[in-house]
Amino acid sequence: MTYALEIKDLRKSFGKTDIIRGINLAVNTGERIAVIGPNGAGKSTLFNLISGRLMPSSGEVLLNGQLINGKKPYEINRLGLSRSFQITNIFPKLSVFENLRCGLLWHLGYRYSFLRFLSNLDDANARTEELVRQIGLEKKRNVEAVNLTYAEQRALEIGVTIAGGANVILLDEPTAGMSKTETSHFIALIKHVTVGKTLLTVEHDMGVVFGLADKIAVVVYGEVIAFDTPAAVRANARVQEAYLGSSVADAQGAGH
Amino acid sequence: MLKLQDIHAYYGKSHVLHGVSFEVGKGEIVALLGRNGSGRSTTAKAIMGLVYAEGQMEWKGQDILRKKAYEIAHLGLGYVPENRDIFPKLTVSQNLLLGQKGSGKGSRWTFKDMYEMFPRLKEREHTEAGVLSGGEQQMLTLCRTLMGDPDLIIIDEPTEGLAPKIVELVGQYLQTLKSRGISVLLIEQKLTIAMHISDRALVMGHGSIVFDGTPDSLRADAAIRKEWLEV
Amino acid sequence: MEFFVISLLNGLSYGLLLFMLSSGLTLIFSMMGVLNFAHTSFYMLGAYFAFTISGVVGFWPALVIAPLVVFVLGAAFERYCLRRVHKFGHVPELLVTFGLSYLILEVVQLIWGRSVVPYGLPPQLEGPLFTIFGTQFPKSKSFIMLVAVLMLVSVWLLLTRTRIGLVIQAALKHPEMVESLGHNVPRVFMLVFGGGAALAGLAGVIGGNTYVTEPAMAGAVGSIVFVVVVVGGMGSLAGAFLASLLIGVLQTFAVAMDQSIGGAFQSLGVAVTDKTFGYELLQLKISQIAPILPYLFLVLILIFRPKGLLGTRED
Amino acid sequence: QKGETVKIAMIEGLSGPFANVGQNQLKSWQFVAENLTAAENPAGVKFEIVGMDSKSSPQEALNLLKAASDQGFRYVTQGNGSNVAVPLSDAVGKANERNPGKEIVYLNYAAVDPVLTNDKCNYWHFRLDADTSMKMEALTSFMKDQPNIKKVYLLNQNYSHGQQVAKYFKEGLARKRPDAQIVGDDLHPLGQVKDFAPYVAKIKQSGADTLVTGNWGQDMTLLIKALNDAGLKIPVYAYYAGVSGTPTALASGGDLEVYQIAYNHSNYTGRMNQLMVDFQKKFSDDFYTFSVYNGLVALSNAMAKAKSTDPIKVSAALEGLKFSGFNGESEIRKTDHQMQQGLWISKWQKVDAKNKYNVEKTGYTFVPVKYLEPYVASTPTSCQMKRPNAG
Amino acid sequence: MDNSISNRSKPMNVSRVVIWSLFAIAMIVAPLIFRSSLALTILSQMGYLIIICLSYNMIFGQGGMLSFGHAVYTGMGAFISIHAMNLAAEGSFKVPLVLIPLVGGIGGMFFAILFGFVTTKKAGTTFAMITLGIGELVASMSLMFPGFFGGEGGVTSNRTYGTFLGATFGPQIQVYYLIAVYCFICTALMFAFTGTPLGRILNAVRDNPERVEFIGYNTQRVRYFAFIIAGFFAGIGGGLAAINFEIVNASDSLSGVRSGGYLLFTFLGGATFFFGPIIGAVLLVLASVLLSELTKAWLLYLGLVFLLMVMFAPGGVASLVMMNLRVARFGRFKPFWILYAGLIVTGAFLVVGAAALVEMVYHVQLNAALGPEVHFAGLTLDTSSLGSWLGAAAVALVGLGLMEIVRRKFARAWGAAQEFIEAEIKRREAA
Ligand SMILES: Nc1ncnc2c1ncn2[C@@H]1O[C@H](COP(=O)(O)OP(=O)(O)OP(=O)(O)O)[C@@H](O)[C@H]1O
Ligand SMILES: Nc1ncnc2c1ncn2[C@@H]1O[C@H](COP(=O)(O)OP(=O)(O)OP(=O)(O)O)[C@@H](O)[C@H]1O
Ligand SMILES: CC(C)C[C@H](N)C(=O)O
Ligand SMILES: [Mg+2]
Ligand SMILES: [Mg+2]
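Protein chains in written order, with the working numbering: chain A, 24 to 279; chain B, 4 to 234; chain C, 560 to 874; chain D, 883 to 1273; chain E, 612 to 1042.
Simulated from the structure, these hints should not be mistaken for laboratory data. Note that the Cβ used here is the ideal one computed from N, Cα and C, for glycine as well. Don't take every hint at face value.
Partial list, computed: chain B residues near chain A (C-beta under 8 Å) [unchecked claim]: (1) G138; (2) G164; (3) A166; (4) P167.
Please model the complete structure; the sequences and the hints are all you need to start from.
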């Protein structure tokens, strides 16, 4: 069978530094994967490689069986992969509604069209309205994105990411900066909007990780040292030592 | 050391702080807790002179309310903002260099100390800070502020985006600061750490302080926690 | 050989002139990101001030005083105008400098009139420095070359020996953060802008009498200075230096080249007559477009190497 | 018509880069208009000149033409730049065709593109200056008698004026001095050269003994400076050495052999000298646009002849008009409305006992070297003048 | 003509119909009110400059591309139009005059396709500098090719080579209406563009090009397409200019000064609002034609206005209008009538006094020899008497002082109104 996302011996180095050192990962359609690991382990870099923001030094990335490495971000997105960013990355001067609508125009086939009015694109507008509701920003529908609170911006970030209806979704620390209550709301939201989709998410909040993921991939120093169910990962001694560090007093040298 | 009395702060015309009063003593770690949007970051900015504020504010007995940010910094206040604000096009060491005031002589902290504390930074010394991982950036901001040798450091959500292991590390690090006589005003979301290391806890709600006491008493006060922290 | 040596010398001296004109802009444009359209107006001011001041106290004191006066004006402009619009972004900054360039031009014309002013060389700089192959090389140009090199060295020292460059770059991104770290950002901006203006003023003091001092002198070099800075690479003083020399030499040698595209075709056996499509373009000689080659160079550089020759930034 | 006021709109760049020249010429017009004697003004009208600022932009000039027409002007004048003159002449022609009863006469006192009195000639346009073909005709006639001119270098601005200078010069030289050689013919972009040293090196390398250039403004002064700097002391034959500002710059350049080809020089005696001296006294500026004088005198003569100030009648009278101008008998040729006049070669040198007029107070002056009679400078025209039926 | 490009619902609602009708009516009746032939030319120029400034804003305000070379596309459109007119008059290329602007549009578009291919690969400063370079190149080269560009004199033509519905297009009024029709249609089309998918994505590219790549769009393509469309409208504007003047001339049409003018006035009008450039175009014509007629010091005034506008109203005139409308919409405008009146009166004192000084200075500098009298605003000032100088200075100072008092009051009232509005918005949001 083909995997939704398959990564084969992926490597990336910046100058002389090897950051991603041979990652292999295969994700089935519909799975929710949490990617965890120490700071600087290469999680965001991995996402950047998959989504086309960076070019791999070597290795392969396959999306639904199709080789996508070396493609431009927009090409990869058109093939059904969408991602969010660790640092909020939306359209600050556009309203919430417009942000979301931009997210889905390409995928509804409107592309570079300049011969029809947005307001007449009923399918796009209906979808957008639904998205606005899904991410709980009805009241801020017409507010410019810059004027949203941090948590609202994060929600919008996710909204823009899922708007196009991509099947494979990568979320980079979606709950960072949120309070506990907000986080739990947010997790529910993510679960809700990604039903039936393949999800990869980077997280540091273990509560979220264990609440959300079917499987966990642990990235340490550019390698996947474990890829298993939450229970198994939690029990894994290497993971504890490298990442969770609950008992390890000498916690220096994160990432080594 | 730091004393705020009835501080009101504004973003343009919008009134955010409605009379905030508290004190931070020497060598004390004070946690400032509260929900998103309650005004904690604004309090920090008000102290640093980055938002327009009214009221009374004293630092080491000196009025600092109308002073410019760089003057305040020179008086020995350090600030680590919540969104990190690293300088992306400068290298790690240049970022640290900017943390120094003047020549950096006589500072309690040197480059070496910083690199020892976070060896990861040493490795990335000549890398542009903009490409650092989220966690690395967080470490860098902490160190950058320390380079300026502050007597009180205001830290806004330092554990944000850090791996659990590093979070612990930061906790230890704050206690090290305390042991060197530096006061800390810690703005936190993660109650566990904050409660664990702080000497005193403040809770903010709707732009004013609604609780001021020891962590233990806060732990005991379920009503406050329920109303202002967790719901 | 003879022609080669003389042209090389001409090229270098022209290149250094360009560097002198644009070094201040490099400082302002690359560090503060301000597209300062009034840069050459400060150049003009330097020349006029020097003209007036040297009439009173002589050229050599004017060489020092005039740039200082320009410094004060530049710093004041930063303090009272540019600073206000800084927060609105680059385009308003640019427009403010645009407005300023109008104002300076008009005020200069009001004070000094609309014609050339008789701003001459001091006796020490008159006449040739040396003669090779029967062609003289004037002292005034040698002086320009000397000053340009001194500018390079001093600006370079300023940037590498102090944290000013870092503070400014950092402040462009997060000004509040830099202030919170204890740096007086507004003052640094003011000094840098004033300094850039003063460099332009200094260029004016010696450019004005080596060439011509008149109201059109600012406009005449208005866009070439941007070419130098951009070709060299934003944020790179060395790049600006290299670009100046390169443009100077390139243009000087291009003047000597009477080849044309049409000529090239003809030597390949393709007939080119005035009936051929694009005949006017084909018969244009390289020497005829030499002075606008820098713009072509600019476009090509930006297409193939947007960072510029030695630049590090691309924004 | 006696005692009538004739208003002339001077549409010219009065601000911007060419403002100094425009302002000078506006003063010249006003000054001459005020000082016409009875003999010079047989019609006895009062000329009133109003300056309108076109900023040297053709489109602005056309706007101003409308404004002038609205305000009742029937005479306009312009000269600085054929880029304005050609559109203006064209627009005057069209406007007169479309608005009968509001005809306008256009006096061109300085734009020298030959096209204005050839392919694009227009009944309402009268040129008071000599065009490039005439100047080059005269210049080459002068060179015919200069045996030491053997190798000529042409350096001009790469636009129509510079291209025409080169073209007409080469034609004339080939006819009159087939033995002389053109050793270089360079064109450079208008106003883009900051340092002429490379060109000077090229001129030197070519072994030229004479330089001919139509350059003006910065392109002229910088060229002279570069020649001086390099110590290349060959004679320069120039068009616009005497225009506002250029003499000041020339003087700071040092001693160079510069000849000017123009309809005048700076050391007239008699009436013109008087005007120059008075002008300098009044404005502390030089009066050098003599065509202004010819223009007003011709206009007044035509008005006297037509016994009217009506532009239709006056323009009919101007055609073929013979009058006594500053260079003696002059004629406005009927076929193309080009004034036929004698031309001068003058030389830039220090003021001396005989030649006292101090140009721009530089201590230098343009001393006449040779006068070329009108017939020498005259060139044929291809103009097919379309005359309005009425009139 | 909505207040914000990004917030809108259905394109056809009542207020919009009203606004567009008013726009059309204004264009129809304007020449009936201003009847002189100069006024008519001014109106005609406003018409096509509106198109040009709007087209410029398509890339600048909506696409975030700061171009220093827009005149290249208007100018090339104009040159191609004028050649087309000449060919049509000869009979070798049968295009009626009313379609000439489209020929210009296609010309502009052609060059946008050509040059845009390289320029739009980049954004930001790089884009700005490439356009500067291309602009300089085209402007300098055009003078070297008299064949196509007509040399110094430019290319002339005659627009009366045919008739259309009985119009010969000889009289300016007919040309004006031709321009007005084009202006209306083009404005409508460009407004419509802001509401299309490409238009919206263009805004997104301006705001955050990186993210656009991750929602499926190729940013370079988006910029390129927008650039081409803007080039088309720019070319139409150029074509209309060619018809209006019947001459096209490199020094006017292609120069960097022109490009700079489009930028300056688009900004001055207000680049963040769709209708801002319309105001900008009107101001451009008024400043260049009327202001320079009124005073010799016009460049000084223009420089000052720029400086002050950018410093105090960086959103341009349009943003001032919108801010006041916002106050009005919240029913808080009442106190400002009197305050504005106060500002205007005191400001007038300041301006008259200061301008009198400026005029006298200019007079002394330029025409002193014509006598010491200056005529200004109906007054005759004597530059040789100290009284005039002191008087003017006094008027200016009194104006300044009074204005400062009013300004303070104004600022307070304005602040209060804004505070109220902010609170009101919050209240409505909460509700
Ligand atoms: N363009 C680049 N050039 C050089 N080094 C880079 C670049 N991008 C990333 N790195 C380095 O690669 C390492 C991995 O970074 P990455 O952002 O992937 O970490 P992460 O796992 O997401 O960490 P965090 O949890 O802290 O966000 C870091 O040390 C970072 O400094
Ligand atoms: N720049 C700003 N302009 C206007 N209002 C602002 C601005 N920044 C913050 N606010 C508002 O001020 C209030 C307090 O914000 P503040 O950032 O101080 O909260 P916080 O307690 O730090 O919350 P967080 O957990 O989000 O960091 C919020 O309602 C917020 O919307
Ligand atoms: C100078 C500006 C035109 C652009 C600037 N570099 C930016 O994109 O931020
Ligand atoms: Mg990361
Ligand atoms: Mg906060």
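Hints versus structure:
1. Interface hint status for B/G138: upheld, as the beta-carbon distance to the closest one in chain A is roughly 2 Å, under 8 Å.
2. Of the supplied interface hints, the one on B/G164 holds, with its beta-carbon coming within about 5 Å of a beta-carbon of chain A, less than 8 Å.
3. Taking 8 Å as the C-beta contact cut-off toward chain A, the hint placing B/A166 at the interface holds, the least distance being around 5 Å.
4. For B/P167, the interface hint holds, the least distance from its beta-carbon to any beta-carbon of chain A being 5 Å, beneath 8 Å.
Comparing the model with each numbered hint stated earlier shows that all of them hold.
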